[in-house]
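Asker: Just so you know, the sequences run in chain order A and B.
All letters in the first sequence, in the order written, are residues 1 to 417 by the working numbering.
All letters in the second sequence, in the order written, are residues 1 to 417 by the working numbering.
The set of hints was computed from the structure by calculation and includes no laboratory data.
There may be inaccurate statements among the hints.
Stated by the list, open to error - Below are the DSSO-like pairs computed for lysine-lysine, each with C-alpha atoms no more than 30 angstroms apart in a straight line:
id : chain 1 : residue 1 : chain 2 : residue 2
1  : A       : 274       : B       : 43
2  : A       : 43        : B       : 274
3  : B       : 274       : B       : 196
4  : A       : 216       : A       : 192
5  : A       : 196       : A       : 274
6  : B       : 192       : B       : 216
Unchecked claim - FRET-style restraints, in silico, Cβ to Cβ:
id : chain 1 : residue 1 : chain 2 : residue 2 : range
7  : B       : 74        : A       : 162       : 54 to 62 angstroms
8  : B       : 263       : A       : 112       : 46 to 54 angstroms
9  : A       : 132       : B       : 161       : 22 to 30 angstroms
10 : A       : 288       : B       : 196       : 53 to 61 angstroms
11 : A       : 109       : B       : 333       : 41 to 49 angstroms
12 : A       : 61        : B       : 375       : 37 to 45 angstroms
No residue lacks a Cβ here, since even glycine has one placed at the ideal position from N, Cα and C.
2 protein chains.
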Amino acid sequence: MTDIDELPVAGNGLLDRRIFLRAGVAVSAAFLTAKATAVEREKWMSIPGEGMSGSGAPSAHESHIARAPIRSQPGTTGSGASWTPLQFLDGIITPSRLHFERHHSGIPDIDPDRHRLIIHGLVERPLSFSLDTLARYPTVSRIQFLECSGNSRASMAPEPVQGNCGQLHGLVSASEWGGVPLSVLLDEAGIKPEGKWILADGADAAIMSRSVPLDKVMDDAIVALYQNGERLRPSNGYPMRLFLPGWEGNMSVKWLRTIKVLDQPAMTRDETSKYSDLQADGVSTLFSFPMGVKSVITSPSPELTMSGPGIYQVSGIAWSGAGSITRVEVSADGGQSWADAALDEHVLSKSLTRFRSAWHWDGGAAIIMSRATDEDGNIQPTRTVVLEGRSPAAWYHCNGIQAWQVGADGEVANVYA
Amino acid sequence: MTDIDELPVAGNGLLDRRIFLRAGVAVSAAFLTAKATAVEREKWMSIPGEGMSGSGAPSAHESHIARAPIRSQPGTTGSGASWTPLQFLDGIITPSRLHFERHHSGIPDIDPDRHRLIIHGLVERPLSFSLDTLARYPTVSRIQFLECSGNSRASMAPEPVQGNCGQLHGLVSASEWGGVPLSVLLDEAGIKPEGKWILADGADAAIMSRSVPLDKVMDDAIVALYQNGERLRPSNGYPMRLFLPGWEGNMSVKWLRTIKVLDQPAMTRDETSKYSDLQADGVSTLFSFPMGVKSVITSPSPELTMSGPGIYQVSGIAWSGAGSITRVEVSADGGQSWADAALDEHVLSKSLTRFRSAWHWDGGAAIIMSRATDEDGNIQPTRTVVLEGRSPAAWYHCNGIQAWQVGADGEVANVYA
């Protein structure tokens with residue numbers, strides 16, 4: 001046994017995770033007597049189990065692992081959002097059934113055989129693509145995050161809103177997105193020299209409509225057809241959506257129907273009255289495209305009660321619209337001292353990155369927090385810095401450091417620290 | 001427009017995919033007149049769509065995308081396999097609902113609160129772990145493939161078996177697997193010097209039981225708790241399974257219940273009468289652990305009919321139990337000439353790797369095939385080489401090159417070539 005008191009890397013019990021991983025640090029397993037080793041067989045070992053199926057489902061014992069749907073428009077069923085339950089997940093992939101939702105007029109029931117993608121505007125050859133046509137074009141696939149620009153809006157409230165991690169920060173998910181580079185389709189249509197932007201429209205009843213600069217489109221935008229290996233699900237744009245890696249989620253227009261090449265942004269409702277950042281001086285900042293560097297500890301987090309003093313894994317996710325995460329630091333003393341967390345093996349650009357630390361909780365009150373850095377050197381700001389200069393009515397692009405207070409009773413709460 | 005006839009990289013129309021990706025090669029989009037650009041709104045744009053939900057589902061239009069379940073033991077419901085429908089998937093992640101199944105006595109209905117993992121045998125301290133206990137240990141997550149050693153057994157038949165790609169090769173899937181390194185738990189139990197193997201038992205009624213050498217266990221084995229971000233599904237071992245990256249699937253014992261440290265392999269039923277390779281001389285080779293380097297073209301493939309001459313994407317998956325895929329070659333002339341395929345961005349160790357080529361099909365009969373190479377320099381063998389020295393009754397570990405015949409009618413068939 002290693003003496004854990006000799007292995008601190010930061011204040012209030014943060015330990016070196018390499019030693020946690022390898023040195024046989026006792027955590028909390030129950031010791032067995034020789035007799036207890038001969039465990040009795042449970043009833044499920046005596047009867048044949050359930051058969052194979054065409055499409056599997058999670059365990060009935062896990063039915064509480066669900067998104068938290070919220071309708072933002074009273075009287076509607078389809079205008080609102082549902083949050084990914086981050087506190088119950090691990091790794092970096094979000095199961096498609098739990099990918100967050102944000103719809104402006106619900107999920108359209110699109111007939112894929114009738115749906116077309118139209119490319120028009122400032123092009124040499126207007127084109128129409130069916131799903132069968134798109135299947136013949138080159139495809140790429142990448143694991144990348146998608147975050148609603150309104151994620152973590154609760155952090156803008158004057159007092160900390162109490163909720164679980166998913167309810168507070170679950171408008172971010174990550175999937176393997178597969179589809180046709182939009183640059184290929186635009187090359188075939190032939191962009192006229194004056195073409196500098198595109199306008200992407202969705203086939204939902206709200207006709208979600210966003211302008212995107214051509215540089216981004218030609219860099220890494222795709223017309224996504226696949227999510228985590230299978231066709232997109234209706235709640236994520238079936239049969240096709242725009243996907244703009246690292247940029248605010250609403251621009252990755254779901255149920256993509258038309259791409260119009262323009263010489264300037266269209267200034268649509270969805271980029272002027274909505275999805276703009278109101279400043280304290282009354283001016284709105286438009287076109288805040290990339291999502292800022294950000295992280296959150298998913299465990300421990302509210303509603304996941306600590307079961308007594310001892311060693312715990314501190315785990316969370318980090319991401320940045322600028323590229324890869326290069327560092328995540330964790331503090332267990334409210335930011336007085338920090339230690340580097342370990343990053344899981346897959347550190348991918350514009351994706352979620354899973355980080356982990358080891359923490360020896362002494363059973364007293366403590367404040368834990370995480371702080372991410374990306375490949376451009378951007379460091380996740382404090383909440384105070386994020387609020388500087390903003391109107392109190394603003395609530396997009398909140399990427400401030402999240403602090404969780406662990407109480408002596410093992411309960412975890414949202415605090416500003 | 002680029003003249004596609006100037007861009008061959010191998011015989012019978014294989015094209016350079018970089019040019020396919022970037023040069024505006026005309027594929028098959030429909031040109032629009034200016035009038036046609038003003039497309040009519042479909043009915044789903046005029047009514048609010050469906051609301052948010054706690055757990056999402058695929059489109060009803062995709063209900064045909066399912067596993068193909070087969071019961072191998074007449075009269076049972078739980079003994080058999082179900083195949084991943086590879087021909088309908090893209091990217092590298094397999095949706096958990098479509099992960100292949102191979103059960104020996106069905107899926108046990110395990111109460112996670114009662115389930116324990118027991119570590120005993122040649123250890124200093126026998127230990128018992130509940131799910132709550134395991135949650136406090138360090139976790140890792142990695143995207144890796146799992147392949148049944150009986151995958152592609154149809155390739156051993158004297159004449160080519162006709163079926164779709166999933167039915168022939170769909171006992172392979174890839175997921176993000178997350179869990180506790182087994183080395184950490186064994187370190188805590190304390191392996192006695194004479195301990196050289198472990199025996200892993202499952203909690204199903206068949207008590208799947210396999211011996212694993214300690215070197216592998218201490219290298220990269222995990223007690224998997226998560227699959228693609230959420231808890232394992234019952235069909236993949238809920239609430240916990242052993243996961244041995246790159247090794248034959250049955251050793252990654254589902255519903256893991258006991259780990260016993262031994263000084264030698266236990267020679268269980270599941271590693272002597274089953275999962276051994278019968279040779280032509282009557283001797284069975286035991287313990288064929290790593291899965292060989294392999295690839296298969298998933299599109300075009302049987303049941304995906306070609307819609308006439310023109311440019312197509314040839315796409316497939318490659319994998320190796322030895323590590324990463326370094327190269328995939330594709331042929332469109334039955335192996336007379338080969339060209340390097342492009343690999344998607346994520347080329348991960350012991351995972352699926354997605355490859356793609358561009359093919360100008362002239363509408364005539366053609367034989368397409370793929371051949372993978374891994375980081376150890378292993379090259380996927382021909383079917384003939386795989387069969388050399390084996391008993392006609394053998395059917396595990398078939399990693400030979402798969403040839404598909406494309407007919408002039410656009411139909412695709414399984415052939416030996």
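Asker: Tell me, which hint numbers fail for this structure?
Answerer: 8
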